[in-house]
Amino acid sequence: MDDRELIARVRAGDARAERLLYDRHVDRVWGLVSRIVGDADDAADAAQEAFVKVFERLGDFRGESSLGTWIGAIAIRAALGRRRARGTREQRYLPLDDAPEVAGRDAAGDVLLRDRVGAAVDALPDGYRTVFVLHDVEGYTHEEIGALLGVETGTSKAQLSRARAKLRTMLAGVR
Amino acid sequence: MTDGTDEPGLPRDVTDAAKAHLAPPPLDREALWRRIEAARRVPEGGARVVPLATRRRPARTWAAWAVAAVALLAVGIGIGMTLPRWRRGVMPHDLATAPRAEAGAGVPAAYRVTAERHLAQAEAFLTLFRAAARDGRTEALAVATAAELLQANRLLSDSPAADDPRLRPLLDDLELVLAQIATLRGQAGRAELDLITDGLERGVLVQLRAQVTPETDAPTRVRS
Chain S
114 MDDRELIARV RAGDARAERL LYDRHVDRVW GLVSRIVGDA DDAADAAQEA FVKVFERLGD
174 FRGESSLGTW IGAIAIRAAL GRRRARGTRE QRYLPLDDAP EVAGRDAAGD VLLRDRVGAA
234 VDALPDGYRT VFVLHDVEGY THEEIGALLG VETGTSKAQL SRARAKLRTM LAGVR
Chain H
3 MTDGTDEPGL PRDVTDAAKA HLAPPPLDRE ALWRRIEAAR RVPEGGARVV PLATRRRPAR
63 TWAAWAVAAV ALLAVGIGIG MTLPRWRRGV MPHDLATAPR AEAGAGVPAA YRVTAERHLA
123 QAEAFLTLFR AAARDGRTEA LAVATAAELL QANRLLSDSP AADDPRLRPL LDDLELVLAQ
183 IATLRGQAGR AELDLITDGL ERGVLVQLRA QVTPETDAPT RVRS
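Respectively, the protein sequence lines represent chains S and H.
Residue numbering for the first sequence follows the numbering used here, starting at 114 and increasing by one per position.
Residue numbering for the second sequence follows the numbering used here, starting at 3 and increasing by one per position.
One or more hints might be untrue.
Said to hold, decoys possible - Here are a few chain H residues that sit away from chain S, every Cβ distance over 10 Å (derived from the structure):
{"id": "1", "residue": "Ala22"}
{"id": "2", "residue": "Leu24"}
{"id": "3", "residue": "Arg37"}
{"id": "4", "residue": "Leu130"}
{"id": "5", "residue": "Ala133"}
{"id": "6", "residue": "Arg136"}
{"id": "7", "residue": "Pro167"}
{"id": "8", "residue": "Asp196"}
{"id": "9", "residue": "Leu197"}
{"id": "10", "residue": "Asp200"}
{"id": "11", "residue": "Gln209"}
{"id": "12", "residue": "Gln213"}
Said to hold, decoys possible - Output of the computed footprint for chain H on chain S, the stretches with three or more beta carbons under 8 Å from beta carbons of chain H:
{"id": "13", "segment": "133-140"}
{"id": "14", "segment": "185-193"}
{"id": "15", "segment": "226-238"}
{"id": "16", "segment": "243-254"}
Keep in mind the hints are simulated off the structure, nothing from the lab.
Idealized CB from N, CA, C, for every residue including glycine.
Produce the entire structure from the sequences given, and follow the hints as far as they go.
Encoded structure:
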């Protein structure tokens, strides 16, 4: 069943088609929201919210992008919303000036590198972090990121450049 | 790798470390699907309360009681969310900026009473559901009642009642159980019912009964 037929069936209220759509896209949605949100519980909330909106709004889908891109964009918005909500709730994400100390690579070497890189990535501002995750971790092109986030390609490139620069600064003592 | 950013990419070991740090946790596809189905059953906005007069006559007395209780509870929550502040002279348009109650003792009485009633009704519903499930019976009305209790639970979770640290985890656990029941379709399988009832007996029902005690002039009282 191709996407067009699948969409038609979901719009008609076919429960099996709804499940098929979910099965086709859930892994990608889960990867996106998990990496953006960074917390399993919030990721589950974001994934739930994303699919609820997908089913609610599928009638508005006009096919201007692929179904996967459209769903991905909804998932990213849901994930960013969760991330912002959690940041407000817990003040978990620190300003860069207060970013964790990541200098110094001790005897554990590569074992600790992941934690230090992770701390640095988590300390990035949301905009930088999202583009970094989408480009360097998920492997999307700037054109695809532009479509997912609704921004110009140049904006995606600029955000990635700034994200990398921040990471280099924070990890300067590690490597 | 320049990627049009006029600069080299990060060293490979840094990128690999970032990928490892950001690796998604395992996905429970079925659990997530059940959550999505439950969420889609509950409309956005206010509580979905079907007028009692339009309901078909229920086959079981307990189910009819549960539906009526949920309807009253939803109305009570709606009143409770506005009335106390109006009494203090805060108009509806000020509600969004009005300070929330402190945790625990600071929870306004209207919310506390509503929460107590909700917990008592949930406890009664789950007890009756468990008994029916042991016989392998589930009914559409039980599923609908669970969905409405779920809606009431979410209203409470978003109200100052949830500022009480004793109530918050209970409301969260209750939501999961009610969502499981609300997503049952048709005649649920034995394994599915066993999963729910096992969870009830080990978790939520025990917590509910620890919180709720009967009193003569009030349906329930949350233990302090």
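Okay, the hints, checked on the actual structure:
Listed as a non-interface residue, Ala22 of chain H fails to keep its Cβ farther than 10 Å from every Cβ of chain S; the least gap is roughly 5 Å. In this structure Leu24 of chain H is not separated from chain S by more than 10 Å, as the shortest Cβ-Cβ distance comes to only about 4 Å. At roughly 5 Å, the least C-beta separation between Arg37 of chain H and chain S is not larger than 10 Å, which violates its mark as non-interface. Chain S leaves Leu130 of chain H outside its interface by the beta-carbon criterion, the shortest separation being 28 Å against a cut-off of 10 Å.
For Ala133 of chain H, the shortest C-beta to C-beta distance to chain S comes to about 30 Å, beyond the 10 Å cut-off, and the non-interface label holds. The non-interface label for Arg136 of chain H is consistent with chain S: the shortest C-beta to C-beta separation is roughly 29 Å, beyond 10 Å. Distance to chain S confirms Pro167 of chain H as a non-interface residue, since its nearest Cβ pair spans about 15 Å, more than 10 Å. The non-interface label for Asp196 of chain H is consistent with chain S: the shortest C-beta to C-beta separation is roughly 23 Å, beyond 10 Å.
Remark: the non-interface label on Leu197 of chain H is consistent with the geometry, its nearest Cβ contact in chain S lying 18 Å away (cut-off 10 Å). Every CB of chain S lies more than 10 Å from the CB of Asp200 of chain H, the least distance being 22 Å, so the non-interface label holds. At roughly 19 Å from the closest C-beta of chain S, the C-beta of Gln209 of chain H stays outside 10 Å, upholding its exclusion from the interface. Against the 10 Å criterion, Gln213 of chain H stays outside the reach of chain S, whose nearest CB is about 23 Å from its own CB.
Requiring three or more residues with a Cβ within less than 8 Å of a Cβ of chain H, the coverage given for the segment 133-140 of chain S holds, as 4 such residues are present. Counting residues of the segment 185-193 of chain S whose beta carbon lies closer than 8 Å to any beta carbon of chain H gives 0, which falls below the threshold of three, so the coverage claim is violated. With 7 residues bearing a CB less than 8 Å from a CB of chain H, the segment 226-238 of chain S meets the requirement of three and the coverage assertion stands. Counting residues of the segment 243-254 of chain S whose CB lies closer than 8 Å to any CB of chain H gives 5, which reaches the minimum of 3, so the coverage claim holds.
Violated hints for the displayed structure, listed by number in ascending order: 1, 2, 3, 14.
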